[in-house]
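Could you put together the complete structure from these sequences and hints?
These protein sequence lines are chains A and B, in that order. Counting from 0, one number per residue, gives the positions in the first sequence under numbering that gives the first Met the number 0. Counting from 0, one number per residue, gives the positions in the second sequence under numbering that gives the first Met the number 0.
FYI, nobody ran anything at the bench for these hints, they're computed from the structure. Do not take every clue at face value.
Pairwise CB distance ranges (calculated) [unchecked claim]:
no., chain 1, residue 1, chain 2, residue 2, range
1, A, 59, B, 38, 18 to 28 Å
2, B, 158, A, 375, 37 to 47 Å
3, A, 539, B, 106, 58 to 68 Å
4, A, 422, B, 158, 22 to 32 Å
5, A, 222, B, 158, 58 to 68 Å
6, A, 26, B, 106, 20 to 30 Å
7, B, 50, A, 106, 16 to 26 Å
8, A, 53, B, 158, 49 to 59 Å
9, B, 38, A, 63, 28 to 38 Å
Partial selection, computed: residues in chain A whose CB lies under 8 Å from chain B [as the list claims (entries may be wrong)]:
no., residue
10, 22
11, 185
12, 619
Each residue gets a CB set at the ideal place from its N, CA and C atoms; glycine is no exception.
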Amino acid sequence: MSTPTRRVDAREKVTGAARYGADRTSPDLAHAVFAVSTIGKGRVVNVDTAAAEAVPGVLTVLTRIDPAELGSPGFVMGGGYGFQSLQPLTDDRIAYRGQPIALVVADTLVAATEAANLVRAEYEAEPVTSDLDAEGAETLVQEEAIPLPFLADIVVGDADAAFAGSAVRIEETYELPRQHQVPMELIGGVVEWRGDTLVVHEGTQNAGALRGGLAKQLGMDPAKIEIIAPYTGGGFGQKNSLQPHVGPLALAARRLGRPIKFVMPRTQTFHQASFRPASRHLVRLGADETGRLLAAVHEVDQQTSRHDLFPSMSTEITSRLYGIGHFRGRQRLVRTDVQTPGFMRAPFEHPAAFAFESAVDELAYAVGQDPVALRLANDTDVDPVTGQPFSSRYLAECLRRGADMFGWAGRTHEPRSMRASDGSRIGWGVASGVYPASVAPAVARLTATSEGKVTVGVDGHEMGQGIRTAITLLISEDLSVGVDDVTVDVGDTRVAPQHLTAGSWGTATALQAVHAALRELRKHLNVADSDPVDVGAAVAATGQTSVEVEATTIAPGQPPEIIERSRAGLVAFAGPVYPGFTAFSFIAHFVEVRIEPTTRRIRVPRVVSVADCGRVASPVTAASQVRGAVVWGIGASLRERSEVDPRFGGFANATMEEYPIPVNADIGEIEVGFVDKPDPMLNPVGVKGLGEVAMVGVAAAIGNAVFHATGRRLRRLPIRIEDVL
Amino acid sequence: MTAIVRGSGGNPANAADEDVCLALGSMGSSESTISSAVRTETTFTVNGRSVRVELDPRESLLDVLRERLGLTGTKKGCDHGQCGACTVHLDGRRIVSCLTPAVQVNGQAVTTIEGVADPDGTLHPLQEAFIDNDALQCGYCTPGQVMSGLACIAEGHAGSDDEIREYLSGNLCRCGAYAGILAAVRETARRPNSPSSEG
Ligand code: FES
Ligand code: FES
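And the structure:
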């Protein structure tokens, strides 16, 4: 087990020294602002830029780019690079409210902002469709619309017959809202040309896609594009692909011969980037009188855009939560007039687990079973979908330890049976979470010097999850070098391909490559595979001042040529089903809610979460990730909802004041535990993912606690005061 | 089109301007527009150093710090006074620099995150406590949290956990590092010589 250590880049962060994309300054910097569509759908007939161009300091106002000059980046889930395939400014079509209609570049930000506000447009507006059931919404069966094996409906046995024959049946529908990621760092950065090389400084989870996508859009050699993103100020899925502002900025910077800074105004981040789509989940559970699960049906309707099919992978986890012999999934996509939705922390798993784990709680009450006992009784060691073993599965231990830490034994089963001295209703709820353990290809380049310093450049992006700390710890422990002697370069296409860091595969992926590079280094230094090494002396003994090694790793079962996809900036991960085993991370959440007697305000004073993420690679940052994910779960279940006025489309509460992410006063105690048992199959370091599983199930645990407090089963998020009056 | 003015409180140049109009409704940036670029010479200190700048009255202190003075430790998270990422101290009091026209700080003293540690690199105890309690993840909100945390202690608002949570709730952290932030401020406030422990 690792020694707890401080976050290695914390000093830079508490002193303001850490440099994010937009922190780059240079004397000849120009500033960009986009003017955006005020209609939700239709056509731009005319854009009047005269007033904008007359503003002193304005360098250019761009309203139309020839598609030959700037092509589509392709959709990241459709073999491309962009959060959506649509590239604004390349034709007159308006597909969503907030779509850019002009790019203004000026000497100063105030001039660019003033000019953008003066851009006037005439439109031909068309009716907008926003909601799943609205007229004009088009529903597709996912497996027919996108015939790819991993997006097909999961079917095991005959769930409908088994459900019909079950003694106890639960059938309910759960609704989850659109939500936005709202990372604190605004989207944007600095785009500049150095000779014929395009350099982009921008916070991202996918520098590889920025490079590959820009090469495709601009018809360039990817070798002439550098993406530099050592720090990303939060991504949460919103920064997982190429955004459509970068291409136009690259063209403008080339024409003007000046670097351009662009910092997207917060309101525009709600419209010019992805978001969590609205979804609806029908869950049927069939069980015997003891609560033994016999059958489950999970049908999903999930919002997408007109121009892309953002797929759902909701049933991948609900089919694995428990040992259910008969399962039938069905995933449908509903086309609406919006920018393409996308990944937001636990993108499918948070909504799916809210639905499924609420239904499991309903079952526990239907059969009069304790909700923890019922979950334990339905545990499984075998993946019910493939029949393969799980590489590791300690969900039962998460539940048992969590129950202990929380004091679950002191709970009374009846709803409305617990009350605080101030009259608040108390509710205790539990839920499980599971998330696929994926791995992606990675390249690690490791240099050791005769001074005993080690530097590694590797695939991965540091967006706060602590990947830099985890890599540093691995090297430090492996070679017995001090953490201060280790330098980690991530988020930079000059040192590695920079495959997408998402889906909780980042740490496992990078550590596996660094582990392989360390083995390579030991071979070069002629030292045994596990002993402590005096790195400086060993390097000096080779007669060199430094030794450089490189290792490339892939996921179990992947063909070696998969690395070429990664080098091209394309998504190339594998999992959770590998040859011979299936890999998931697990978690159990225990939540106390209190509902204040007069205001009926719902508070969450206390949460206990126990995770099975394999070996804990970096205990300090891992615990922070779990606490952060619990905060996300609290926001997702009690606060956050992106409001839409169906007459106009777009998002109505697109500010940080009106889109209510949790604040400090919303958060109570969050106690975190880890099983910390290495996964023996997934990779040699024994690490599975953590950042997303940690959010999965929080919302259900809160909903279940609200039921326990009030006797009311609330099946639509967020749960608000008006629901518990 | 509705006329909306935001982010211009206290700015005489904007308040006097009749021609304020937001072309993009709720979709655009809500900075107001004025017709000509008046320049005003402004003098103030930043982290003890005197600076003199020619300013467009529409420039926020945040943008001047970041774009003109190269002090990029102060962050922009919303530009609307809603997130706290841009928190700095003005004559010892915390303000959101995105809502502060730079011309308005004429003659005053600004302290940013770059001015918190000793010049020799020794961290302030609150910065140390942020590291010890892992009160950060991506780090983007952190400069603002530290500046607000310092002010919270100096104001005597660090008496209890609930009070700290309340007085730091103007600083959003999307990574959810709130428990660590609370612990760091609590720990620092309880040190001998801190205003809260004296109070
Ligand atoms: S940037 Fe000033 S409060 Fe958000
Ligand atoms: S540390 Fe990322 S927003 Fe606070």
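Results of checking the hints against the structure:
| no. | hint | verdict |
| --- | --- | --- |
| 1 | 59(A) x 38(B): 18 to 28 Å | holds, 23 Å |
| 2 | 158(B) x 375(A): 37 to 47 Å | holds, 44 Å |
| 3 | 539(A) x 106(B): 58 to 68 Å | holds, 59 Å |
| 4 | 422(A) x 158(B): 22 to 32 Å | holds, 26 Å |
| 5 | 222(A) x 158(B): 58 to 68 Å | holds, 59 Å |
| 6 | 26(A) x 106(B): 20 to 30 Å | holds, 28 Å |
| 7 | 50(B) x 106(A): 16 to 26 Å | holds, 21 Å |
| 8 | 53(A) x 158(B): 49 to 59 Å | holds, 56 Å |
| 9 | 38(B) x 63(A): 28 to 38 Å | holds, 34 Å |
| 10 | 22 | holds, 4 Å |
| 11 | 185 | holds, 6 Å |
| 12 | 619 | holds, 5 Å |
Going down the numbered hints, you'll see the structure goes against none, and every one checks out.
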